[in-house]
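Participant: Protein chains in written order, with the numbering used here: chain A, 1 to 343; chain B, 1 to 343.
It is worth saying that the hints were derived from the structure and are not from the lab.
Certain hints may be false.
No copy is singled out in the list; a pair is fine if it fits within one copy or between any two copies.
[Unchecked claim] Here are the simulated DSS-like pairs of lysine-lysine, each with C-alpha atoms no more than 27 Å apart in a straight line:
| # | residue 1 | residue 2 |
| --- | --- | --- |
| 1 | K69 | K19 |
| 2 | K160 | K19 |
| 3 | K150 | K19 |
| 4 | K223 | K3 |
| 5 | K69 | K102 |
| 6 | K19 | K3 |
| 7 | K336 | K150 |
| 8 | K223 | K69 |
| 9 | K3 | K150 |
There are 2 protein chains.
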Amino acid sequence: MSKTPVSSLGEFGLIEQIKTWVPLQDSDVLKAIGDDAAVFHPAAGAEQLISTDCLVEGIHFDLTFQSMKHLGYKTVAVNVSDILAMNGTPQYLTLALALPQKISVELLQEFYEGVHLACREYHVVVIGGDLSASSANLFISVTVTGYAEKNDLVYRSGAKPGDLIVVTGNPGRSYAGLRVLLREKEFYLSDPDNFAPTLDRHSWCIERHIAPRLRTGVLTWLKQAGIRPTAMIDLSDGLAGDLFHICHQSGTGAVLEELSIPVTREIRELADQFDEEAVRWALFGGEDYELLMTVSPEHRTVIEEYEELSIIGAITSEPDSLLLEEAEGTRTEIEKQGWNHFT
Amino acid sequence: MSKTPVSSLGEFGLIEQIKTWVPLQDSDVLKAIGDDAAVFHPAAGAEQLISTDCLVEGIHFDLTFQSMKHLGYKTVAVNVSDILAMNGTPQYLTLALALPQKISVELLQEFYEGVHLACREYHVVVIGGDLSASSANLFISVTVTGYAEKNDLVYRSGAKPGDLIVVTGNPGRSYAGLRVLLREKEFYLSDPDNFAPTLDRHSWCIERHIAPRLRTGVLTWLKQAGIRPTAMIDLSDGLAGDLFHICHQSGTGAVLEELSIPVTREIRELADQFDEEAVRWALFGGEDYELLMTVSPEHRTVIEEYEELSIIGAITSEPDSLLLEEAEGTRTEIEKQGWNHFT
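Chain A extracted, bound-state conformation:
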């Protein structure tokens, strides 16, 4: 691949390129990339949503095993995920990038290919951003806007004692992917000449880590079924940490049933290889970008019908108490540990 330095285009030339990489098609946008600010006509009768995330090389991603295209996809997905977790409709994105010299125009184009892919999948549009150089790492900051009718909004704070705790997909899968990638990286570094990666058979978890697909279908289905979750959050800190956010803001506690947590056979086998407990990967793994919600118990039968949803416990009245109920009925307190980047 050729490596055109970003400096050869300059900031203005680069912005012209980006406009072609993420073309705009949205009749509510009066002005997108290219002025002091973007301008859009807000959705009628709705509240506006806005969320910001940053992704930092060496903290959130490792360019030795994350392609720029996947990184672009994930950048969009993790932020759109925040709007979905409010039960909102994502709409517009701005992207700020600080680029170290190693990022060529070609790598940047790959990144925007991933961004564009996710934009099409989740029906969002890039309408602005900022570009800078960086003397060290690649920094990405993304802001997403969206909208929702006031009565559709779901906050973290609405869980009630007795509510079912419901999760999409398989928490721990992203962390499983990360562990495989880190293991392969170690193999590679210890013996680069004889490195034969065995990533293909782990694509079930690696894909979740490097390019998580969001559960937009579940939200549509819930709406059609007339079910509005009482509280919702997306899984970025791990099941335990994110459930704690819901409990803390709702003034409640929770009991998780260990056997109900949808840990797949693959996750169990992989955790066994590392001599670790699969349930801990689900509880503390993070970056799953699944949806964790609480739902009134009257909807149990309907929820059980939907394959992507698992009922994994219930909300209790004891503030900030997180318990894990094991197979034999014993209940142990779950440590309040989540991802802490600041260690």
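Please arrange chain B on chain A, whose structure you already have, making use of the hints.
Facilitator: Same frame as chain A, but now just chain B:
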């Protein structure tokens, strides 16, 4: 000053602190910091504006001479400036920070003091953000929203041949401040023991560089005078670069009158000390965060009344042609050079 490591609070503890540092008072905000996304009720009958900037240590700022409080102020100001340049009303902010270990809780609090100061001055409110660690530099990304009625919006693209080119304040002043700061840093590094900084007598330019105050009054005055600029941009790349943006997007050219560019005596004297031309500082200096606008010539007399405004030239019909008319009447082409971080 004590130096509490950010890791001792963790991300969640830190967020609780930040909520007290930038308290929220805004009845249109349904949910601010603390959920997956912030929620606000959009201004009735108006278009929404959004703009993102990033500020990177070592590229945009130098912590050896920029205090965290000033940095916080500037972070907000440079982004609010983008909304003003659309002739809009700034409203909400999100802030994403990637913090290296050297940034203690106390330094972060100073940063937010500056943020809060600017928020009060420009009537904007922090409603969300993200925090991460950073293995190397401090990285700041800020997104601002605002609103404007469709007919009040001013784009870069509306300049017409014959329009007056009008600028607020004194372009080049921020660059003068930067040069003084860099000179003092050099003195310090060459002889730390005998360093006696002479910054006070240069506060007129240093302040513009480290904490630029925005010209909100001018916009109110123009509105009251019934004058709507035909095009507008804020000065971040220097007079030449930003005027070129207006010309390029308007399909026009421009002639600047060298004698009309409001270069103060202080800027001239300082440029002399460096054996450089003051007018080049104004044209290529950057980071002034003044407003550059084009106005229909019928408003000349009214514009001349307002002290903070200077008429510095006129728009021409020749696309992308930027000329400087010197005292004796000769016209020379202005180089199309602006700030290029990617060199």
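Participant: Could you run down the list of hints and mark each one as holding or not?
Facilitator: Here is how each hint holds up against the structure:
1. Proximity of K69 to K19 under the C-alpha cut-off of 27 Å is restricted to the intra-copy arrangement: shortest distance 17 Å within a copy versus 36 Å between copies.
2. Taking the shortest Cα distances, K160 and K19 sit within 27 Å of each other only across copies (25 Å), while inside one copy they are farther apart (47 Å).
3. In this homomeric assembly, K150 and K19 come within 27 Å of each other (Cα to Cα) only across copies, at 24 Å, whereas the closest approach inside a single copy is 34 Å.
4. In this homomeric assembly, K223 and K3 never come within 27 Å of each other (Cα to Cα): the closest approach is 48 Å inside a single copy and 49 Å across copies.
5. For the identical chains of this complex, K69 and K102 are intra-copy neighbours only, at 16 Å inside a copy versus 32 Å across copies, given an alpha-carbon limit of 27 Å.
6. Within a single copy, K19 and K3 get their C-alpha atoms as close as 20 Å, which meets the 27 Å cut-off; across copies the closest is 44 Å, which misses it.
7. In this homomeric assembly, K336 and K150 never come within 27 Å of each other (Cα to Cα): the closest approach is 32 Å inside a single copy and 49 Å across copies.
8. Taking identical chains as interchangeable, the C-alpha atoms of K223 and K69 are never at most 27 Å apart, the minima being 32 Å within one chain and 46 Å between chains.
9. Proximity of K3 and K150 under a CA criterion of 27 Å is satisfied in neither setting, with 48 Å inside one chain copy and 43 Å between copies.
Hint compliance for this structure: hints 4, 7, 8, 9 are broken, all remaining hints hold.
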